[in-house]
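The listed protein sequences correspond, in order, to chains A and B.
Per my numbering, the first sequence starts with residue 192, numbered consecutively.
Per my numbering, the second sequence starts with residue 57, numbered consecutively.
The set of hints was computed from the structure by calculation and includes no laboratory data.
Any given hint might turn out to be false.
Computed beta-carbon distance windows for the label pairs [unchecked claim]:
#: 1; chain 1: B; residue 1: 203; chain 2: A; residue 2: 272; range: 17 to 27 Å
#: 2; chain 1: A; residue 1: 273; chain 2: B; residue 2: 75; range: 36 to 46 Å
#: 3; chain 1: B; residue 1: 75; chain 2: A; residue 2: 319; range: 52 to 62 Å
#: 4; chain 1: A; residue 1: 309; chain 2: B; residue 2: 71; range: 35 to 45 Å
#: 5; chain 1: B; residue 1: 112; chain 2: A; residue 2: 412; range: 22 to 32 Å
#: 6; chain 1: A; residue 1: 204; chain 2: B; residue 2: 213; range: 27 to 37 Å
Even glycine gets a Cβ: it sits at the ideal position worked out from N, Cα and C.
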Amino acid sequence: MDRVVASCDEAVADIPNGASIMIGGFGPPGVPVNLVRALRQRGLHDLVLIYCGGGTEEDGIGGLIADGAVRKLITSFPVHPGAHAVRERYLQGEIELEVVPQGTFVERIRAAGAGLGGFYSPTGVGTELAAGKEVRLIDGRAFVLELPLSADYALIKAFRADQWGNLVYRRTMRNFNPIMATAARMVIAEVDEVVPVGSLSPEEIETPCLFVDRVVEVPRDWFRHAASAERR
Amino acid sequence: MPLTREGIAYRIAHDLPDGSFVNLGFGMPSLVTHFLPLGKTVLIHSENGILGAGPKAPPGQEDPDLVNANGDFVTLVPGASLFDHALSFTIVRGGHLTHAVLGALQVSRRGDLANWRIPGARVPGVGGAMDIAVGAQRVWVAMTHTTDHGEPKIVEECTYPLTAPRCVQRIYTDLAVLSVVGGELLLEEVAPGVTVQDVTARTGASLTIPSRVPTMDIPAELAGIQLVTV
Numbered sequence: 192m193d194r195v196v197a198s199c200d201e202a203v204a205d206i207p208n209g210a211s212i213m214i215g216g217f218g219p220p221g222v223p224v225n226l227v228r229a230l231r232q233r234g235l236h237d238l239v240l241i242y243c244g245g246g247t248e249e250d251g252i253g254g255l256i257a258d259g260a261v262r263k264l265i266t267s268f269p270v271h272p273g274a275h276a277v278r279e280r281y282l283q284g285e286i287e288l289e290v291v292p293q294g295t296f297v298e299r300i301r302a303a304g305a306g307l308g309g310f311y312s313p314t315g316v317g318t319e320l321a322a323g324k325e326v327r328l329i330d331g332r333a334f335v336l337e338l339p340l341s342a343d344y345a346l347i348k349a350f351r352a353d354q355w356g357n358l359v360y361r362r363t364m365r366n367f368n369p370i371m372a373t374a375a376r377m378v379i380a381e382v383d384e385v386v387p388v389g390s391l392s393p394e395e396i397e398t399p400c401l402f403v404d405r406v407v408e409v410p411r412d413w414f415r416h417a418a419s420a421e422r423r
Numbered sequence: 057m058p059l060t061r062e063g064i065a066y067r068i069a070h071d072l073p074d075g076s077f078v079n080l081g082f083g084m085p086s087l088v089t090h091f092l093p094l095g096k097t098v099l100i101h102s103e104n105g106i107l108g109a110g111p112k113a114p115p116g117q118e119d120p121d122l123v124n125a126n127g128d129f130v131t132l133v134p135g136a137s138l139f140d141h142a143l144s145f146t147i148v149r150g151g152h153l154t155h156a157v158l159g160a161l162q163v164s165r166r167g168d169l170a171n172w173r174i175p176g177a178r179v180p181g182v183g184g185a186m187d188i189a190v191g192a193q194r195v196w197v198a199m200t201h202t203t204d205h206g207e208p209k210i211v212e213e214c215t216y217p218l219t220a221p222r223c224v225q226r227i228y229t230d231l232a233v234l235s236v237v238g239g240e241l242l243l244e245e246v247a248p249g250v251t252v253q254d255v256t257a258r259t260g261a262s263l264t265i266p267s268r269v270p271t272m273d274i275p276a277e278l279a280g281i282q283l284v285t286v
């Protein structure tokens, strides 16, 4: 039952070329930056990333894309400040983008984790993002069929874990992390701190341990974070 | 005179009722928080999992785990709650937000909204715009009446890619307040010093104009610059 592995390198060591990988996070909070850096060190290619943004140099995802490791990015908003690598690769025709409304993006992942075959959403009806999709009238309102989205791996970030992989989050670190934890075959969590089983309050555990396969502790340098926040 | 950006935000803030749950878009809509009158409780929703987002954190007091959807390090108001993205968009898509205030590139007479992509934008990105436009109980637009080149942004039919059809209920601009009522645009108010003719000359859609159009009640310092004659 002990899910703790010694290092980020060990945690991502078996990810193959061509793997589909969900990465949690929105803005800086909740991005497992140390797992992403370890993944970048692997020098893989043809990866399919499922990540809400476009990646930046700081979060490491921009670096993965700049390296040419990513064949396709399934995303919602890859046009934020700092998303240079994805822009350059896309304009060169070197990366495929699938752009999904943000609520649809998370619900497709939730559907996969919940064992559903998809869902009908009002979002996107009458727009170019619904082109080619099945539209169905339900109680007189139009909805578009959206299909589930799963992955081979999920790299997620939480605040604390116990040795079994029960996870708690803090502030806006949640975002996609608890949802992605349900929808990948191998779920790897980077946490600030690992604590003994029994020391987390059952009420505060948001991701139960059965969703989590590997846990890596990367103690956070709070001073460095405060300083980098100040510079923004 | 046309309102400043702050003037538009002020006018919107005064229409948000006590007890509202509101999502604010980037740019001009985000200014609304500065003008919420005291004594009114309005909780701000942020897509990344906040109900009750507060002002930006003072320098040196940022929490590295707490940002809003704009990526600003923010604070939480008393009574705030935090949740994951699935619940956040259950709130959005499920019709639980009382209001959304969004920017726009174009709004059509029937309330179609175009605000996510300019034609020819080389990299696409949509974010939460489509979910919010279909989900909020009331979608209000905050924008300048015309583009920087003087072209109307209120049009018969949007030429930019749609975010959602027939979703906008009200439009607040630097010149006027308009409501979409039964597929027609009703001119509700004009800014101080702006005439009905000023508005119609800068609008690309037919307007329903009542016999008397009230002038907005706006503090003089938020009324803006001299209108260039067209």
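Now the hints, each set against the structure:
Under the hint 17 to 27 Å, the C-beta atoms of residue 203 of chain B and residue 272 of chain A, about 23 Å apart, fit the expected range. The hinted range of 36 to 46 Å is satisfied by residue 273 of chain A and residue 75 of chain B, whose Cβ atoms lie roughly 37 Å apart. One distance hint, 52 to 62 Å for the beta-carbon pair residue 75 of chain B and residue 319 of chain A, is violated here, with the actual separation near 37 Å. Separation of residue 309 of chain A from residue 71 of chain B is about 39 Å and conforms to the stated range, judged on CB atoms against 35 to 45 Å.
The hinted range of 22 to 32 Å is satisfied by residue 112 of chain B and residue 412 of chain A, whose Cβ atoms lie roughly 23 Å apart. Distance hint check for residue 204 of chain A and residue 213 of chain B: the Cβ-Cβ separation is about 56 Å, which falls outside the suggested range of 27 to 37 Å.
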